[in-house]
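In the order they appear, the protein sequences are chains D and P.
Residue numbers for the first sequence follow the numbering used here, so the first one is 1 and each next one is one higher.
Residue numbers for the second sequence follow the numbering used here, so the first one is 1001 and each next one is one higher.
Please note that the accuracy of each hint is not assured.
[Said to hold, decoys possible] Once the Cα atoms are required to be at most 30 angstroms apart in a straight line, the calculated DSBU-like pairs of lysine-lysine come out as:
#, chain 1, residue 1, chain 2, residue 2
1, D, LYS226, D, LYS244
2, P, LYS1057, P, LYS1244
3, D, LYS226, D, LYS57
4, P, LYS1226, P, LYS1196
5, D, LYS226, P, LYS1196
6, D, LYS205, P, LYS1004
7, P, LYS1057, D, LYS196
8, D, LYS196, P, LYS1083
9, D, LYS155, P, LYS1196
10, D, LYS155, D, LYS4
11, P, LYS1205, P, LYS1244
12, P, LYS1205, P, LYS1057
13, D, LYS244, D, LYS57
14, P, LYS1057, P, LYS1155
15, P, LYS1244, P, LYS1004
16, D, LYS205, P, LYS1205
17, P, LYS1226, P, LYS1004
18, D, LYS226, D, LYS196
19, P, LYS1245, D, LYS196
20, D, LYS244, D, LYS4
21, D, LYS4, P, LYS1196
22, P, LYS1155, P, LYS1004
23, P, LYS1226, D, LYS226
24, D, LYS155, D, LYS205
25, D, LYS196, P, LYS1004
26, D, LYS226, D, LYS155
27, D, LYS57, D, LYS155
28, P, LYS1205, D, LYS226
29, P, LYS1244, D, LYS196
30, D, LYS205, P, LYS1083
31, D, LYS4, D, LYS57
32, P, LYS1057, P, LYS1004
33, D, LYS205, D, LYS245
34, D, LYS4, D, LYS226
[As the list claims (entries may be wrong)] Across the chosen pairs, the derived CB separations fall in these ranges:
#, chain 1, residue 1, chain 2, residue 2, range
35, P, ARG1221, D, THR157, 29 to 39 angstroms
36, P, LYS1196, D, LEU293, 29 to 39 angstroms
37, P, ARG1291, D, PRO91, 31 to 41 angstroms
38, D, ALA28, P, ASP1047, 21 to 31 angstroms
39, P, HIS1120, D, GLN294, 25 to 35 angstroms
40, D, GLN294, P, THR1085, 44 to 54 angstroms
Quick caveat, the hints were computed from the structure, so don't treat them as lab data.
Note that CB positions come from ideal geometry on N, CA and C, so glycine has one too.
Protein chains: 2
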Amino acid sequence: MVAKVISGTEIARSIEDELRQQVSELRAQSSGAQPRLAIVQVGGREDSNVYIRMKLKAAENIGILAEHVRLPRDCTQTELLTKLTALNESPQVHGIIVQMPLDSEHQIDSHLITDAVSSHKDVDGLNTENEGRVAIGDFSGFVPCTPAGCIELIKRTGVSIAGKRAVVLGRSRIVGTPVAELLKWEHATVTVCHSKTNDLSEITKTADILVVAIGRAEMVRGSWIKPGAIVIDCGINPIPDATKKSGQRLVGDVAYSEAVQVAGHVTPVPGGVGPLTVAMLMRNTVLAARRQLQRLLLPAWPLQ
Amino acid sequence: MVAKVISGTEIARSIEDELRQQVSELRAQSSGAQPRLAIVQVGGREDSNVYIRMKLKAAENIGILAEHVRLPRDCTQTELLTKLTALNESPQVHGIIVQMPLDSEHQIDSHLITDAVSSHKDVDGLNTENEGRVAIGDFSGFVPCTPAGCIELIKRTGVSIAGKRAVVLGRSRIVGTPVAELLKWEHATVTVCHSKTNDLSEITKTADILVVAIGRAEMVRGSWIKPGAIVIDCGINPIPDATKKSGQRLVGDVAYSEAVQVAGHVTPVPGGVGPLTVAMLMRNTVLAARRQLQRLLLPAWPLQ
Ligand SMILES: NC(=O)C1=CN([C@@H]2O[C@H](COP(=O)(O)OP(=O)(O)OC[C@H]3O[C@@H](n4cnc5c(N)ncnc54)[C@H](OP(=O)(O)O)[C@@H]3O)[C@@H](O)[C@H]2O)C=CC1
Ligand SMILES: NC(=O)C1=CN([C@@H]2O[C@H](COP(=O)(O)OP(=O)(O)OC[C@H]3O[C@@H](n4cnc5c(N)ncnc54)[C@H](OP(=O)(O)O)[C@@H]3O)[C@@H](O)[C@H]2O)C=CC1
Chain D
1 MVAKVISGTE IARSIEDELR QQVSELRAQS SGAQPRLAIV QVGGREDSNV YIRMKLKAAE
61 NIGILAEHVR LPRDCTQTEL LTKLTALNES PQVHGIIVQM PLDSEHQIDS HLITDAVSSH
121 KDVDGLNTEN EGRVAIGDFS GFVPCTPAGC IELIKRTGVS IAGKRAVVLG RSRIVGTPVA
181 ELLKWEHATV TVCHSKTNDL SEITKTADIL VVAIGRAEMV RGSWIKPGAI VIDCGINPIP
241 DATKKSGQRL VGDVAYSEAV QVAGHVTPVP GGVGPLTVAM LMRNTVLAAR RQLQRLLLPA
301 WPLQ
Chain P
1001 MVAKVISGTE IARSIEDELR QQVSELRAQS SGAQPRLAIV QVGGREDSNV YIRMKLKAAE
1061 NIGILAEHVR LPRDCTQTEL LTKLTALNES PQVHGIIVQM PLDSEHQIDS HLITDAVSSH
1121 KDVDGLNTEN EGRVAIGDFS GFVPCTPAGC IELIKRTGVS IAGKRAVVLG RSRIVGTPVA
1181 ELLKWEHATV TVCHSKTNDL SEITKTADIL VVAIGRAEMV RGSWIKPGAI VIDCGINPIP
1241 DATKKSGQRL VGDVAYSEAV QVAGHVTPVP GGVGPLTVAM LMRNTVLAAR RQLQRLLLPA
1301 WPLQ
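For reference, chain D alone in the conformation it holds in the complex (with noise of 0.2 angstroms):
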């Protein structure tokens, strides 16, 4: 069996137009207002300038107004605050994230930072209030990105996901526990595994469904994987290649050429996740300013 390939370049492509009718005809409704996002970056790693340049290209082609809020590396975490506390407060902006890792000289406290994004702007859905919602299947905040992303691949095969055996590799705060929450309100049956599990490529096998965020670089080999399962590598890893002018290139937790032997579809790294992150990224935001705009338009005291 050959696997079918899941791209994500594709299929972020046409969400992104989608995306784009929606801002247009959000304009045209709202008198012209154009759904607005601040990407706070602390510092100025080179992934993260990689990562900030794809979503600012994302939102330009959309019709998102994207605004990159450069802070220096000796920034404190109360300046930091001081500055979300101003985009969380300006009626103009409708999504924020922080850029992580954060790249400052000082100590600062990444999960309080994420919390201090407003619940209604916070586009990256990584507030613990909204983990929470995610965790009971309530879906009235803003879901994760990349989680969000990898559902999205996953419906695209077409593969209905109800009463499917998955597994999810990872249990981090902003992959692996959304991942797995959104697989089991989709109804599939969820195993969660992390650096704790006893006898990973046995229950590896047993997934209908494999969504893979550890970031191991291709530990996940074509035999732990089950004939036809759907495999969904989210992993970003750089590993030495004296053939790339950079001395490296990426490869994903999954080893790509023995899954694509094994599985029914799998993704690519990179042009897999990746794109769906920041599709969903987009999709978060103008959902964003769709609900702040139409909170403009209640009256201020709504009945009970």
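We have chain D; now place chain P with the ligands onto it with these hints.
Only chain P with the ligands this time, still in chain D's reference frame:
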């Protein structure tokens, strides 16, 4: 093999003994301040009355001042919210719970109600934000009582959780979801099952630790259980029993007489998870009181 019976009643008693000691120390340190719990009830369901009596009795035994706040069946959502605001603001009250289900003539959104309890006083641990904390392994809030009780029961067997296969039947906000999160952060490899799960009895048989919270009388049979497993039965189901004065008796979600032949450890119903739920509520109330009294001693403007 005949399973060891895990006596929730005895374990709860020993926890309550420790708490009584802690309360008397707290009173000595804080010129007599006593932990105080408000139990809010709307209407007068008989099962709720029974649960509330158990909570009041445990509180009295420990030295917690428990106040039973009764609201009539014609209480509206707004009236209930007003009462909760007053309790949230009262410096005398350390913990607040709202007994579910609400027995009101009016439509009341129970989700909104549990989220209206101040997160500092949410000793049932049912706030959405708190659920988010549990999901990502942050235990700085209050761990929900029944799930915390399940973990306590498992730990008291002496069997270590890390690296074990755990299966949770049920994904509710109150039991299934948080118990799965807690097991995950105790480093078990956790599978969550629900009504859309296929081959349920095959999956339960992989469990070294099986937690059942489905509300289906004796659905889990002996043949579903891995020999030697720990079985925690959260179910409380009344079934007809002509030999009882009341005409009924309580059974769990597990067929106890069968489970006891297969499992290594098993909880009875009643006398298993139930008493632990009450003990964990008391533990959270003492914790809430300690945190709030400590906050009174802090400088008003701590340095950042
Ligand atoms: N495509 C995108 O847009 C994004 C991609 N990523 C990528 O996804 C990957 C994961 O990211 P993130 O979740 O933030 O990473 P974290 O490092 O926060 O979490 C990694 C998780 O994997 C588990 N793990 C690590 N090693 C093993 C192992 N040998 N066996 C089993 N489990 C293991 C860890 O377990 P434990 O909890 O026990 O330590 C942890 O739960 C990375 O490659 C990252 O670059 C991340 C975000 C966005
Ligand atoms: N000891 C104590 O103090 C407490 C005990 N309880 C008891 O625990 C039990 C569960 O309570 P709670 O979680 O509130 O109940 P809920 O009804 O809210 O949730 C039941 C869960 O079980 C799942 N389920 C139902 N039927 C099946 C089935 N046939 N196969 C597989 N899964 C099934 C449901 O799946 P789906 O999501 O697909 O519908 C749901 O996730 C009850 O008996 C309750 O009385 C509850 C709280 C405290």
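Evaluation of the provided hints:
no. : hint                                       : result
1   : D:LYS226 <-> D:LYS244                      : violated (33 angstroms)
2   : P:LYS1057 <-> P:LYS1244                    : holds (25 angstroms)
3   : D:LYS226 <-> D:LYS57                       : violated (38 angstroms)
4   : P:LYS1226 <-> P:LYS1196                    : holds (22 angstroms)
5   : D:LYS226 <-> P:LYS1196                     : holds (21 angstroms)
6   : D:LYS205 <-> P:LYS1004                     : violated (33 angstroms)
7   : P:LYS1057 <-> D:LYS196                     : violated (41 angstroms)
8   : D:LYS196 <-> P:LYS1083                     : violated (46 angstroms)
9   : D:LYS155 <-> P:LYS1196                     : holds (18 angstroms)
10  : D:LYS155 <-> D:LYS4                        : holds (14 angstroms)
11  : P:LYS1205 <-> P:LYS1244                    : violated (34 angstroms)
12  : P:LYS1205 <-> P:LYS1057                    : violated (39 angstroms)
13  : D:LYS244 <-> D:LYS57                       : holds (25 angstroms)
14  : P:LYS1057 <-> P:LYS1155                    : holds (26 angstroms)
15  : P:LYS1244 <-> P:LYS1004                    : holds (27 angstroms)
16  : D:LYS205 <-> P:LYS1205                     : holds (17 angstroms)
17  : P:LYS1226 <-> P:LYS1004                    : holds (15 angstroms)
18  : D:LYS226 <-> D:LYS196                      : holds (22 angstroms)
19  : P:LYS1245 <-> D:LYS196                     : violated (50 angstroms)
20  : D:LYS244 <-> D:LYS4                        : holds (27 angstroms)
21  : D:LYS4 <-> P:LYS1196                       : holds (27 angstroms)
22  : P:LYS1155 <-> P:LYS1004                    : holds (14 angstroms)
23  : P:LYS1226 <-> D:LYS226                     : holds (24 angstroms)
24  : D:LYS155 <-> D:LYS205                      : holds (21 angstroms)
25  : D:LYS196 <-> P:LYS1004                     : holds (27 angstroms)
26  : D:LYS226 <-> D:LYS155                      : holds (19 angstroms)
27  : D:LYS57 <-> D:LYS155                       : holds (26 angstroms)
28  : P:LYS1205 <-> D:LYS226                     : holds (20 angstroms)
29  : P:LYS1244 <-> D:LYS196                     : violated (48 angstroms)
30  : D:LYS205 <-> P:LYS1083                     : violated (53 angstroms)
31  : D:LYS4 <-> D:LYS57                         : holds (28 angstroms)
32  : P:LYS1057 <-> P:LYS1004                    : holds (28 angstroms)
33  : D:LYS205 <-> D:LYS245                      : violated (37 angstroms)
34  : D:LYS4 <-> D:LYS226                        : holds (15 angstroms)
35  : P:ARG1221 <-> D:THR157: 29 to 39 angstroms : holds (36 angstroms)
36  : P:LYS1196 <-> D:LEU293: 29 to 39 angstroms : holds (37 angstroms)
37  : P:ARG1291 <-> D:PRO91: 31 to 41 angstroms  : holds (36 angstroms)
38  : D:ALA28 <-> P:ASP1047: 21 to 31 angstroms  : violated (55 angstroms)
39  : P:HIS1120 <-> D:GLN294: 25 to 35 angstroms : holds (32 angstroms)
40  : D:GLN294 <-> P:THR1085: 44 to 54 angstroms : violated (27 angstroms)
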